[in-house]
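Protein chains: 2
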Amino acid sequence: MTAELICVGTELLLGSIVNTNGAYLAEKCAGLGLSCYFQTVVGDNEERLSMVLKTAMERSDVVILSGGLGPTEDDLTKETAARVCGRALVLHEPSREAIGRFFEERGLKPTDNNWKQAMLPEGAVALDNHNGTAPGVILELDHTRLILLPGPPDELRPMFEEHVAPYLARLTSQVICSQTVKICGVGESKAETMVKDMIDAQSNPTIATYAKTGEVHIRVTASGEDRKAAMKLVKPVVKELKSRFGNDIYSTEEETTLEKSVVDLLLANKLTVTCAESCTGGMLSARLINVPGISEVYKSGVVTYSNKSKRRFLGVKKSTLQKHGAVSRQTAEEMAKGACQMLKSDVAAAVTGIAGPEGGTEEKPVGLVYIACCVKGKVTVKECRFSGNRRKIREAAVSAALALMRGCILEYYSKVTFGK
Amino acid sequence: MTAELICVGTELLLGSIVNTNGAYLAEKCAGLGLSCYFQTVVGDNEERLSMVLKTAMERSDVVILSGGLGPTEDDLTKETAARVCGRALVLHEPSREAIGRFFEERGLKPTDNNWKQAMLPEGAVALDNHNGTAPGVILELDHTRLILLPGPPDELRPMFEEHVAPYLARLTSQVICSQTVKICGVGESKAETMVKDMIDAQSNPTIATYAKTGEVHIRVTASGEDRKAAMKLVKPVVKELKSRFGNDIYSTEEETTLEKSVVDLLLANKLTVTCAESCTGGMLSARLINVPGISEVYKSGVVTYSNKSKRRFLGVKKSTLQKHGAVSRQTAEEMAKGACQMLKSDVAAAVTGIAGPEGGTEEKPVGLVYIACCVKGKVTVKECRFSGNRRKIREAAVSAALALMRGCILEYYSKVTFGK
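Chains as they are written, first to last, in this note's numbering: chain A, 271 to 690; chain B, 271 to 690.
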């Protein structure tokens with residue numbers, strides 16, 4: 271079964287945004303066993319969209335369109351699809367009510383053009399949108415199927431997971447299953463080398479590595495006649511990866527992020543946590559606090575950007591700052607220790623570094639970051655050298671801090687090993 | 271003059287990588303005054319690539335292909351293009367020499383298939399590759415032109431800048447310029463309605479709106495025979511937008527983010543700033559601190575996730591928390607005031623809300639967020655109701671807090687108006 275993607279949007283054609291929906295949908299389709307041979311980007315233009323859509327409908331079993339479902343004049347994906355398929359647009363009462371509720375709940379008034387979003391092609395199945403006002407659409411035709419999804423990734427992704435993935439899974443007879451082994455603290459090249467023999471020998475399951483900031487994910491994918499058969503092929507490969515990467519694997523669960531794995535460790539060991547951040551300026555706390563249930567373990571944290579605040583909130587010694595500087599192994603250590611004491615916490619992570627673009631010297635260049643983690647008084651400090659722009663350096667520092675926290679807690683409670 | 275992009279690569283079709291070449295080339299073409307109406311992604315497959323290439327050659331003046339110039343069996347972009355154009359592949363001696371040098375300089379030995387990269391379509395212009403072994407290709411045909419570029423961005427981008435941009439600039443007489451008007455505190459639908467008459471009447475310049483989290487961007491794009499002529503058409507439209515949106519416009523500069531506009535206001539008025547965050551847990555500080563030069567105005571901030579920490583670090587009254595709850599107008603107000611006092615700052619922003627997924631009640635549902643801003647003792651509190659998942663609610667709260675900070679500072683210093 272073949273699928274084809276059409277991403278609609280002038281901002282894609284102008285290069286104002288990168289087509290992440292294309293990559294997301296392509297990856298999902300591949301995971302569902304659909305062969306995806308073409309992706310097209312086209313603007314909000316009826317004639318050209320019609321042309322592209324007709325070509326796609328002729329050659330593919332499923333055509334997925336994203337974008338152009340908004341309330342404005344520009345948005346004409348639904349209108350164009352309806353015309354190409356010879357279907358009228360009719361009012362879909364449940365969608366009209368959902369749009370009304372969406373605005374009411376927010377104490378807002380819909381504008382006239384919002385109601386346009388409740389008009390759907392005749393015979394279409396509406397897909398609920400819990401994160402916006404545009405419903406998705408599935409339209410079954412004689413030889414093909416159209417699936418229309420909203421452009422914003424925060425609306426498209428949940429809608430795909432909830433409605434489209436189960437629908438597509440029913441269409442295909444082969445079941446594709448995959449499991450992702452998530453690794454932190456190992457570089458991409460090293461990870462690649464460690465599994466090269468497995469990749470070279472792969473057929474079913476396949477093995478693919480993906481580099482993320484501070485992480486490497488290895489996805490093992492197998493096809494079989496049912497889920498059980500496919501997972502039976504996946505499991506021994508995952509087991510082999512576990513034996514090769516050991517404790518550097520933080521999870522094999524789809525939903526588990528690195529920060530969630532840290533929070534799970536804190537909860538399991540009943541440890542409170544705090545963060546003392548300089549160059550990352552709150553990003554580390556923010557990532558931890560994105561984990562639901564964090565309130566059990568995280569009470570407070572500080573952003574200590576100035577030297578004075580490092581002294582006041584963390585008790586970093588004036589002499590340490592004078593002798594070694596704010597970006598130093600010694601300051602990072604005192605920050606983490608001080609955070610544990612002054613913020614009354616079992617675990618503390620501290621980050622101090624030079625994120626640039628200014629402030630670098632020959633001795634301490636932009637990208638130099640010290641990360642410290644204190645677990646019940648025992649401090650570990652790591653020196654890191656990151657590259658890229660200010661944002662990239664800060665993101666890399668946060669990932670490295672999470673990996674360090676995980677490592678330090680595991681080491682302290684050496685009985686706690688990666689979940690068998 | 272029209273251009274069209276074809277990005278070749280199985281890893282794009284599988285979603286293993288995001289198509290950043292597409293966005294890069296699209297933006298560059300737009301900047302050179304080429305109208306780009308289609309982008310296609312296709313795999314390393316001769317039949318399908320031929321199909322896509324023929325369609326593109328029929329409808330576009332310039333077809334730019336990226337990827338598939340490598341030395342392996344899979345790489346067949348050049349071979350396919352030559353066949354479609356009826357040109358033989360012939361050895362290009364300077365490219366053969368360059369490939370030999372490339373390996374020699376690195377102390378490496380070329381494999382047999384590397385020499386394949388020196389074979390070019392008859393009559394083609396070779397484009398030097400200083401960062402790899404695959405030369406680029408320009409092939410002029412009767413009604414169209416093909417430009418073949420290597421897939422790795424580190425090779426594609428310098429080659430585009432050095433060879434392709436000057437070539438395309440010579441082809442087009444028109445220059446395209448654009449300016450973006452960035453608005454905060456106005457919803458997308460409302461903004462659209464406010465400019466609907468302008469969009470309906472548009473031709474040159476064109477006007478397009480883009481929704482961002484908590485922001486709307488309106489891009490005005492015009493073509494003219496040179497930069498001056500194009501900008502002369504852009505300016506009156508930007509002026510009209512300024513008169514319609516007034517102070518809600520935070521910038522018309524490409525590089526200026528909302529957080530930078532806030533930091534600029536703080537610097538201009540010599541105001542120090544701090545943040546007291548509950549549900550956003552450091553994200554607001556993190557966004558401010560992404561602005562280089564922030565150290566002049568931001569010294570420290572706190573993440574006060576627990577009630578106790580709101581009392582300890584911000585002096586929020588126990589009775590306020592008991593009577594109104596942590597997520598309330600009153601607590602937000604005391605957080606902002608307390609942050610100014612206890613963290614010795616001229617301006618403070620405070621955020622407290624329910625980011626979910628748990629913790630919502632009928633009276634205080636998930637998505638309810640109170641944002642407060644204190645400027646030299648004067649506090650403004652805003653009640654917001656956001657939707658989406660935990661991350662989305664938190665991101666929306668941060669953007670709303672930045673917009674509120676901007677508004678409050680502008681109001682306090684009413685002499686400071688948006689730069690003319």
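Do not rely on the hints blindly, as some may be mistaken.
Pairs count within a copy or across copies, as identical chains cannot be separated in the list.
As the list claims (entries may be wrong) - Cut-off 25 angstroms, straight-line C-alpha distance, at most; resulting in silico cross-link-like pairs (PhoX-like, lysine-lysine):
# : residue 1 : residue 2
1 : Lys482    : Lys662
2 : Lys614    : Lys587
3 : Lys379    : Lys662
4 : Lys466    : Lys512
5 : Lys588    : Lys614
6 : Lys614    : Lys646
7 : Lys505    : Lys466
The set of hints was computed from the structure by calculation and includes no laboratory data. This one's a predicted model, so the numbers in the text were calculated from it and none came from an experiment.
Which of the stated hints cannot be reconciled with the structure, identified by number in ascending sequence?
Every hint satisfied by this model.
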